[in-house]
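Work out the full structure: start from the sequences and follow the hints.
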Amino acid sequence: MAEFKPANSAYEWFDQRLGIDKFLKVMMTEYWIPKNINFLWAMGVLLSVMFTILVVSGIFLLMYYKPDVNMAFDSVNYTIMQEVGYGWLFRHIHAVGASIVFLVIYIHMFTGIYYGSYKKGREIIWISGMLLFVLFSAEGFSGYMLPWGQMSYWAAYVITEIFGGIPLIGGDLVVWIRGNFYVSDSTLTRFFMLHVLLVPLAIIGAIVLHFYALRFPHVNNEAGEFFDFDKEAQKYLAGDKKSSKVVPFWPVFLSKDFFVLGFFLLFFFYLVFFHYDFAMDPVNFDKADGLKTPAHIYPEWYFLWSYEVLRGFFFEIAGISGKALGLMAFAVAQGVFFVLPWLDRSPMVKPANQRPYFKYWFWLLVVDMIVLTVYGKLPPTGANAWVGFASSMTFLLLFVTLPFITRAEAKKVGGK
Amino acid sequence: MKEFKILAIIVALVGITYYGIEPYAHHVMHPEVKAADFTFGDLKNVDTSLAGNIDNGKALVEANCIACHSIEKAGHPQIMSNADAAAAYGVVPPDLSSSGRIYDKNYLANFIFDPVSAMHLSHKYPVGGAKAFSMPAYNWMKPQEIMDVVAYLQSIAPKVAGKDAHKETFADACGRCHSMGYAKFEATTSKEAIKTYMGASAPDLSQHIKSRKEHFLHSFINDPQLLLAGTSMPRVGLSEKAQEEVIAYMEEVGDSKKAERESVGLWVMLYTFVFAILAYLWKRKIWSGLH
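Top line first, the protein sequences correspond to chains A and B.
Each step along the first sequence adds one to the number in the numbering used here, with nothing skipped, and position 103 is 1502.
Each step along the second sequence adds one to the number in the numbering used here, with nothing skipped, and position 180 is 306.
Don't take every hint at face value.
[Claimed, not checked] Cross-link-like lysine to aspartate or glutamate pairs, in silico, DMTMM-like; alpha carbons within 20 Å at most:
hint: 1; chain 1: B; residue 1: K383; chain 2: A; residue 2: E1482
hint: 2; chain 1: B; residue 1: K310; chain 2: B; residue 2: D381
hint: 3; chain 1: B; residue 1: K367; chain 2: B; residue 2: D163
hint: 4; chain 1: B; residue 1: K321; chain 2: A; residue 2: D1688
hint: 5; chain 1: B; residue 1: K367; chain 2: B; residue 2: E386
hint: 6; chain 1: B; residue 1: K199; chain 2: B; residue 2: D181
hint: 7; chain 1: B; residue 1: K310; chain 2: A; residue 2: D1473
hint: 8; chain 1: B; residue 1: K339; chain 2: A; residue 2: D1676
hint: 9; chain 1: B; residue 1: K310; chain 2: A; residue 2: E1482
hint: 10; chain 1: A; residue 1: K1749; chain 2: A; residue 2: E1624
hint: 11; chain 1: B; residue 1: K339; chain 2: A; residue 2: E1624
Quick caveat, the hints were computed from the structure, so don't treat them as lab data.
This is how it looks when you write it as structure tokens:
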């Protein structure tokens, strides 16, 4: 056992036992972030704050919510929204927060793609980030079922039905997921468990991994420049703050993040109080009714692009049914972002606009995903179905061609 | 400057996406219908310019209406229990006390003349069909007599205002079929009786202000067939003011925290704004020594 001297202050007493000094240095004052960044680098902190807001508001909702098909709807819409003091506030924050967290995730994700922050040592950051995207999706989907409204029920019905298309095990799998032959009380209770326990635990684990993965390859910067962080940190500590390429996480990096966070929260609270319909669909204020199918069933907006990839294949090609093709395309869409670091064969780590070929690919992907999202909501009839097909094919082709495009780019820039 | 450019690009992309999945998709899924008509101009069987005679109207009402309808305000109480009345007529017949206040004059006159066509329920009660609507058409009455009845009903209607009127109008106009669970209000006709009578159950309206929204309700209550062709819900013929009272009541019950939400919202945004400004000043101070 180490020798402990008598402590002169409470701080010292704790420091001897917990190494507070060292800890704060490693985590805050000597955790180095590049200086050459813009506000897009604040998305990580925004997401951490949003996740905290979701957890806290969720805890309050959890005190009154009842996961039972006969009580769920009224426990949300009457007890929480009308009887409990400020219950409506927590529900609005939770519902709008769940939607907005995806907006920030998409911005964060496309920032990573734009600046090439997924390769040359940053692969685990990217993969853990994608893992978080999948976990947040599971969290969003399971949470959307809990108010037990019409859209909760029918979106759950349609999405769980998707698994039925998997060969051999499909039918059994659907029953296993639902805990019944149809979406029922057992489905609600297990999704409740997933939403409040298992998935949040996994998210916290993945966040730890994501943050840890940043430590060694370090955060990327606006120019995609690689430099010696230790040397730059020495410069900063020696007082040459102006020419040093790094800043400490606290207080320099966070001061910028708080500023971005302030204006972001202003926008967020505007939505929470005055413009929440996009996150709280009117259809979901009708209680779930398994005998009454709504005229239009659509998932929340953040799932629309992948939902459209699923729906895009609506006719048989080469003897394979549209449904099976859609399911295959959907499976590819769920996984393809994970392998992006290996599909990009160009060694360039630069903003997309400085990359001769990749820039076209990037902006085409952005446009295609917006088209998929919009048409994922519209009824898939007439011309809409063909737009869906074309944009789904474009999505797949973009990823098929990426290795060739980036290899050509690597050749052109001579491996730089 | 560069950061503003990035922000502008993000705002534009998010704005386009939002437009596509919200206003545009909504427009595609719910096409606009003909504007609500509170004059009920399609009903022309009775000349409503005739001035009604209240005394004659009273005599006509007592001879023709009170066998089935109660008129509490004029001393004709309901003689059967709700359950018995529903069993006898299919649905509990309305008390006529407030009819002169809540229904449009033209609608009321034409309703008396021929209820089924006024309600736009000919698809449920076709002429000579197996099922007849419980109230017979009074098309044998002279227009003058119908206007006398209308004048009498208008003369006895109690004057109510404010929140009391909201609740009362809802109870009189909707409450024979629809419940409002969140206000502990139960429809006077039982669920089972409605289902037998209408062929469909009438939904509880507690959350309809949220699930249907004011814009939809404005058209739908005025003429349900326009938005939901074939529905069993009759056009009830509320005047614009009465319809506004009904919708106000639906909002008081279904969105009871609206006022609180809007006032708290302003304070929270103000607080956040101050935070953002302070954060900006702090950031400037910290970053000033770095470039």
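Tell me if the straight-line CA distance from B:K367 to B:E386 falls inside 20 Å. violated (25 Å)
B:K339 paired with A:D1676 [C-alpha distance capped at 20 Å]: holds (10 Å)
Are the Cα positions of B:K383 and A:E1482 separated by 20 Å at most? Cα-Cα ~10 Å, so holds.
Regarding the pair B:K339 and A:E1624, is the alpha-carbon distance no greater than 20 Å? violated (53 Å)
Measure nothing beyond the straight line between the CA atoms of B:K310 and A:D1473; if it is 20 Å or shorter, mark the hint as holding. holds (13 Å)
Sort out whether B:D163 lies within 20 Å of B:K367, counting only the CA atoms. Holds: B:K367 and B:D163 sit about 13 Å apart, inside 20 Å.
For a C-alpha distance cap of 20 Å, please report whether B:K321 and A:D1688 respect it. This hinted pair holds, its Cα atoms lying about 17 Å apart.
Given the hinted pair B:K310 and B:D381, is their alpha-carbon gap at most 20 Å? holds (15 Å)
For the pair supplied as a hint, A:K1749 and A:E1624, confirm whether the alpha-carbon distance does not exceed 20 Å. holds (8 Å)
Tell me if the straight-line CA distance from B:K199 to B:D181 falls inside 20 Å. Satisfied, since the Cα-Cα distance of roughly 16 Å is no more than 20 Å.
Would you mind confirming whether the straight-line C-alpha gap from B:K310 to A:E1482 stays at or under 20 Å? Given pair B:K310, A:E1482 holds - Cα atoms ~14 Å apart, limit 20 Å.
Hint compliance for this structure: hints 5, 11 are not met, and every other hint is.
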